[in-house]
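Student: In case you want the letters, here they are:
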Amino acid sequence: MVRFIIRRLISSVLVLFVIITASFFVMKVAPGGPFDADRKLPDEVKKNIEAKYHLDKPLWQQYGLQMKSIVLHGDFGPSMKYPDRTVNEILADGLPVSMLLGVQALLIALIIGLPAGLISGLKQNTMTDYSVMTGAMAGVSIPNFVLGPLLIWIFAIQFQWFDAANWNGLSKGLGPHIATSFLPSLTLGMYFAAYIARLTRGGMLELIRQDYIGTARAKGLSEKLVVIRHALKGAIIPVVSYLGPAFAAMLTGSVVIEKIFNIPGLGTHFVNSAFNRDYPLVLGTIVLYSALLVLLNLVVDVLYTVLDPRVSYD
Amino acid sequence: MTEPQNDGARGESGAEQGPPIKGTSLWADAGKRLLKNRAALAGAIIVLFMALCAVLFPYIQSDLTRFRFDEQHLSAQPKPVGARSVPETFFRIDAEMKGKFDYIDADGDGSIDRKELSAAMRMGEFNTLDSDESGYLGAAELADAPLNLIKDDAEYTLKILDVDGDGKLSPEEAHEGELTDIMPESETRFFIGQFDKDDDRGLSAAEFPGLPLPETHYFGTDELGRDLLTRVVMGGRVSLLVGFIATMVSFLIGIIWGATAGFYGGKVDNLMMRFVDVMYGLPFMFLVILLMVIFQEMPADKKLFLLFMALGAVQWLTMARIVRGQVITLKGREFVEAARAIGVGKRIIIFRHLIPNALGPIIVYLTLTVPAVMLQEAFLSFLGLGVQAPYASWGSLAAEGAKAFREYPWLIIFPGSALAMTLLSLNFFGDGLRDALDPQVRKD
Amino acid sequence: MKPKTLPHAPRVALTALAALALLTAACTSKTDGDAGKTGEKTAAEKAAPGDETTAADRKERNPRVFMRSLGEPEYLDPGLISESEGGVIAHDTFEGLYQYGPTHREWVPGVAESHEVSPDGRTWTFKLRKNAKWSDGKPVTAHDFEWSWKRVLDPKTASRYAAILWVIDGAKAYNQNPDDAKAAGLRDAVGVKAVDDHTLEVKLVAPTPYFLQLTAFYTYNPVPKHAIEQHGDKWARPENIVSNGPWKVVEWSSQQQIVAELNPHYWDKAALPFDKIVYRITQENGPAHNMYLGNEMDYLDSKIPPAVVPKYTRERFAEMKTTPYLGVYFYMFNTQKKPFDDVKVRRALNLAIDKTKIGKFVVKGGQEPAYNIVHPGLAEMGYDVPKGPEFDPEKAKALLAEAGFADPSTFPRFQISYNTLEGHKLVAEYIQQQWKKNLGIECDLDNMEWKVLLKKQHERDFMVSRSSWIGDYLDPMTFLDLWEGDNPNNRTNWAHPEYDRLITAGRAEADPDKRMKLLRQAEEIFIEDVPAFPIYFYVKQDLVKPWVKGYQPHLQGIHMSRYFRIEL
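Chains as they are written, first to last, in my numbering: chain W, 1 to 314; chain P, 1001 to 1444; chain X, 2001 to 2568.
Any given hint might turn out to be false.
Claimed, not checked - Here are the simulated BS3-like pairs of lysine-lysine, each with C-alpha atoms no more than 25 Å apart in a straight line:
1. P:Lys1303 / W:Lys28
2. X:Lys2156 / X:Lys2182
3. P:Lys1036 / W:Lys123
4. X:Lys2156 / W:Lys57
5. X:Lys2344 / W:Lys52
6. P:Lys1302 / X:Lys2455
7. P:Lys1159 / X:Lys2360
8. W:Lys46 / X:Lys2182
9. P:Lys1331 / W:Lys233
10. W:Lys28 / X:Lys2156
Claimed, not checked - Derived list of chain X stretches under chain P, where covered just means 3 residues or more per stretch with a C-beta under 8 Å from a C-beta of chain P:
11. 2358 to 2366
12. 2426 to 2439
13. 2444 to 2455
By construction, these hints were calculated from the structure, which means they are not laboratory data.
Positions of the beta carbon are idealized from the N, C-alpha and C atoms, including for glycine.
Taking the hints into account, I'd like the entire structure generated from these sequences.
Tutor: So this is what it looks like as C-alpha cells:
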C-alpha cells in the first residue's frame, strides 16, 4: 500500500509537469495577448510592456523562466491583469473561499444524497422510491444558473432568511457566515446530492443481489445488519469513486455560483484569467486545480482498496 | 448476454433463475418488462414527443405557431404569454374585413396605406380587449389582458398608463402603453408589398385581401419579440441532437478505454488511467478555449459538429472510470476465472462477459450524461462556442431567461421546463431500461 | 415585510420547485433566523420602485459614509490605470492640476490655483497652490508633476495610457524611444518643467484647446516619488499608498470592497461631505443591483441589469437617472474586402437599418439613434454636429442595384463578427433581420470571445464587425482622429487623404471657430464614405437613493464622490 502511494505520488508529479507544460504552450497559441485592449496600444508601448514580462523572449526561454520560478520558488510571478499582485497572493485570497464553499456543498450533497439513495434503494419501487428519485431527477435537471436565482428569490427575497449575495466568511462569526454561504452551498450541492442519491441507489441495488448479501441473509442476519454491514459499504463504492470528479466539477461549477452570489473565490479567476490571457494566473489556477484533482483521485483510489478488499494495487 | 448465462458461476447464490436464455429472448423479455413500467413508458413517450416536435419543426413553424423562429415583433419589453402579433410570413387572412375597406381607408383616398393598416389592426385589438364594448379599458378588462408590467396587477397598470387620470384607458392611452400595437407600421411593409400589384405602396379596394389575423404567442416572446414557442421547439432540435450524439461519443470512447484498462490492469491500467487523470486535470474551460483557437475559421454547421465532439470528449473520462471500476470488481469473480480456464480469449471475455455485467451502472451513468451534456451545452453557448445566434438551444434560451427571470419569468419557465421535463423523462426511461435489462430486480 | 413585487405568474410556476428547495432548507432555516444582518439587509429588498423607504432604514445610516458600486480594478496607480474602475478610485483619491466638476461644463481648480496660456496656445503655465499635501504630510510641488508625467512617458514604466500625454512636446519621442543611450536626452526634452516649487510650465505640440480637461485625467495625476522609491511596484497597494486627493485608500478586499478614508492633509478637507467611501465590488450587475435594493449601496454607477431598465423606464422610477454618455456604438466595414470596397454597398447597408427602433426596443435603454459619429452632446463645445442620412429602404435598394446587386440573392454571404455579450448579440440579430427584411440580403452571425474579436479586428480579418468608442475628452477630435488612415484604432482599412488633411489642419488651427469647421468638413466625408456606420449614442443609467443629493448629469459619466451629499 505504501509503495502504491509513493508510486502514485511520483507519477502525480509527472502528471502535473505534463499539465503545466501543455497548458503553457497551448495558452500561448490562443489568439490575442494579455495587453490587447479595445484601444490598441502603440507598438512601442506594447513592446515595453512585453519586455517587462519577458514576453519578448523566445517561447522556450519564457517556458524555462516560468518553470524555474515555479519549481524552485513555487512562484508563478506577478499577474498580468493585476500587476501589483502576485498570482500566489491572488490564489491565496480565493482558495480558502472556494474550498469552504466546495466542502460545504459536498457536505450538503452527502447529507441529502446518501440517505435519500439508501432509502430509495431499500424501498425500491415504492412511492418513497419514486418521489425521492423524482426529486433527485429534478436536482440534476435544473441548471445551477436557474436554481441559484430561484433560491435567492425564494429564501432571500420572499422569506428573507438568507442574504442575496456576498460572502461574510467565518471570521465574521458562524451566523453571518451561514447567512451568506448557505444558499450558494445548497445551489452548488443540489446537483451532486441528486447524483449521489442515484449512484447510492444504483450501488445498493447491485449489491443487494450479490452473492454475499444473499449468504448473509441466509445466515439469518437481520435486514438492518445486512444493510449496514454489507450493502451500505458496497453502495458507497460508486459514490466514493465519484467524489474525486465531483469535487473537481464543483470547483468549475462554483464559477457560476460565485458570479450569481458575488463570492470572492477562485472561480472568477479561473474563467476571467483565460479570457484576459493573464498567462501566469491561468497557469496558477490550472496547476492548483490539477494538483487538487490528482491528490483527490489518489485518496479515492486508496479508499477504494479499503472499502473493497478485492481491489488491490500491489 | 447477462449474468444468467454464467449461471454455473452463480449457482450458490440460490437466487431463482430461469434456464439459460438466448440474447434475443432476453431483450424481448426486457421489452415486456419495460412496457409494464409506467414511469419509464411515460418518459419514453415524452422524449418521443419532443423528438417528434423537433423533427416536425418546419411544419410547426408554418402551420401551428405561424411565427418564424427569427421574425421579430419588437416591443419595449418582451411580450407576455397570450400577447398577439401579426405573423410576417405565415399569416392568415380574415377575408370578411374586405368589406370594411372604406372604414379602414380612413383618409378616403381609395388606398390603404401602412399607417391605416396599422391603425386598423390596433383598433381591432383594442376592441378585442374591450370586452364590455365601452370604448375604454377598465381595470377588469386589463386584468384579463396580456400585460407586461412588473407589478402584474391591473390597478397598478392602470395607474401607470392612465395619463389623463380618468381611471380608464382610451384607445390612445392603450396604444401609448403598448397594449394594442400588434402590427406597428414597420411591420406592415411586407403585407402590403405582397398584395400591392401596382406598386404604389398602398392597397386599393381590388388589391385588398382583408386584414391579416393576429396570432397568439402562447409562450410569450423573447427580448426581440420572437415567438418563444417556436424558439423552444427549435431549441429542442439542437438540445436533443447535442444530448444524444455527444453521449454516444462519450459512451463509445469511455467503454473501450475503461474496460481495457480495468481488465488488463497493471502497467496498462496505470498508463491509461494516468492519461485520464491528465485529461481531468485540464479544466473544461481550457478545452473550450483550445477549441476556439484551433477551429476559429470553421463555418457554423461544422462548429456544431465540433460541439458534439467536445462535449463527448469531456464526458468519456468519467465513463471510463466507472467502467474500469466495475471491471476491476467483476474481474475477481469466479465466472471470469471459469471462462479463462476453458480458454476463452481476452477480447471475448471483455466484450461478452465483463461489459454486459457492468451495464447497470453504465446505463445509470448514461442517463445522467445526457442531462449533463445538455447543461454543458448551455454553458458553452453562454461562452459563445455553442449554437450561433439566431439559432438557440434549450440551454441557451434558459441561460438568457435566467438573467431576467424576476421580470420576465416566461423566458425561463418554458425553455427551462422543456429541458427539465425531457431530462426527467430520459432519466426515468433509462432507469426503467436498466431494471428491465436486469431480471433480478423483479424479485425485490 | 410583505413584498409587493410578486407577479402571480412566477408564483404558480415556481411553487413546485420551491417545495423541493424548502424540504432541504427546512432543517437549517431556524438557526439562521437570528443571523443578525440578514434581516436588515434583505428588509430593503422590498424597496422596489414606488415603495417608500422606511424611516428605520435611514436612521441606521451614517451620513458621513458613502457607499457606491464598482467593478474590480486592476490596480490603483493613476499613471498606469487604463480602465474606468481604477479611474473612479483615482478621481476620488488623487488630484490633478485641475479636476472634473459636478457637470461636464465645469472644471474646478485642483492642485493648480490658476493657469495662463500663451497666445499661440502652445505654452501653458500653471500656478500651484502652496497648501497642497500628500497624505503623509509632504507638500505637493511642481516637481512632483514633472517627475510623474515623465514617469508615465518613460518606456520602462510601460503605461498603457501614455499616449494621452503625447500632446506635450517631445512626449511621443521619449515614450517610443527603444534606445537606452538616448533616453536621458529625450527625457530632458519633454516639454514639462517645474520652474519653481509652485510653477509648472508645459509646452504642447499644437494648440490644444482641451488641454485643461486633460490635466484632470488620471494619467496626468501626480504620484508620490518618495513612496514609489521606497516600495517600488507595490507602492499603490493599500498598505503603502500615498495620495494627494480628498480620500486615501485604506483597504482593498479583492472582489469585495475598497475602502477610502479622509486624507487628513487634504487642503480642502473641510468641504468634503464624507469621512469614508466604501466601493462595493461586484463583477455582475445582478448582485450589484440586489445590493442597491438592499440599501448596501447609495449609488449604483451604471451597473443596472438590462432587464430591469425598461421596467424602471415604464414605471418612471425616480431613482433611475438616464443621461447621455460620451460614447458611440457602431459597425465597421472592412473597406478592402469585396463587396464592401464599394461605397454604394456601404451606403445601402447603412440606409437599410431602422435605427430609431434600437434604443427603445433592442438595447432598451432609450439610446438615441446615431446618424453621425461625433456625440451630439459636443454641440455644447461649439461643434455644429452634421447629420447623416436616416432610414430609407427604397433608396438602399436602389443603391444596391446600382452596385450590381439588383438581385439580392447574388450578394455574397458574409459574417457579422461580434463578441459574446447579450447586448451585442441583440443588436447583431436585429441588424441581420433588418438587412434580410429590407434588402433581402442574408448574413451569418459570428460570435466570438473578446480577445479573439480584437485580434481579428487588428488583423483586419473580418467583413462587418461591431465596435464602439468612448470619448476621452470633450472635443470632437476624440471621435474624429480615430478615422485617420494611420490611427491604430481605425480598423476599417479606410484611408481618405482629404479626411486626413482636414484633421491635421484642425489639429494645428489655433482659432476655435475655424478649427471646428475643419473638423465638421472631415466628419461630412466620413458620413459620405461610410467606412463604419454609427448605430446609437450611449446613455448612462444610474440608480441614486432618494437621500443622496448632488447627482448631476455628466457627459463623461464622471461622478466624483465629493459632489454627493447624504441628507437623511
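Student: Take the hints in turn and mark each one as holding or not.
Tutor: Here is what the structure says about each hint:
1. P:Lys1303 / W:Lys28: The given pair, whose Cα atoms are some 22 Å apart, holds under the 25 Å limit.
2. X:Lys2156 / X:Lys2182: 13 Å, holds
3. P:Lys1036 / W:Lys123: Roughly 19 Å between the alpha carbons, so the hint for P:Lys1036 and W:Lys123 holds.
4. X:Lys2156 / W:Lys57: Distance of about 16 Å is within 25 Å: holds.
5. X:Lys2344 / W:Lys52: Cα-Cα ~47 Å, so violated.
6. P:Lys1302 / X:Lys2455: 22 Å, holds
7. P:Lys1159 / X:Lys2360: Roughly 22 Å separates the two Cα atoms, so the pair holds.
8. W:Lys46 / X:Lys2182: Within the cut-off at roughly 19 Å; holds.
9. P:Lys1331 / W:Lys233: 19 Å, holds
10. W:Lys28 / X:Lys2156: 24 Å, holds
11. 2358 to 2366: holds (count 4)
12. 2426 to 2439: holds (count 7)
13. 2444 to 2455: It holds: at least three residues are needed, and the segment 2444 to 2455 of chain X offers 7 whose Cβ sits within less than 8 Å of chain P.
Violated hints amount to a single one, hint 5; each of the other numbered hints is respected by the structure.
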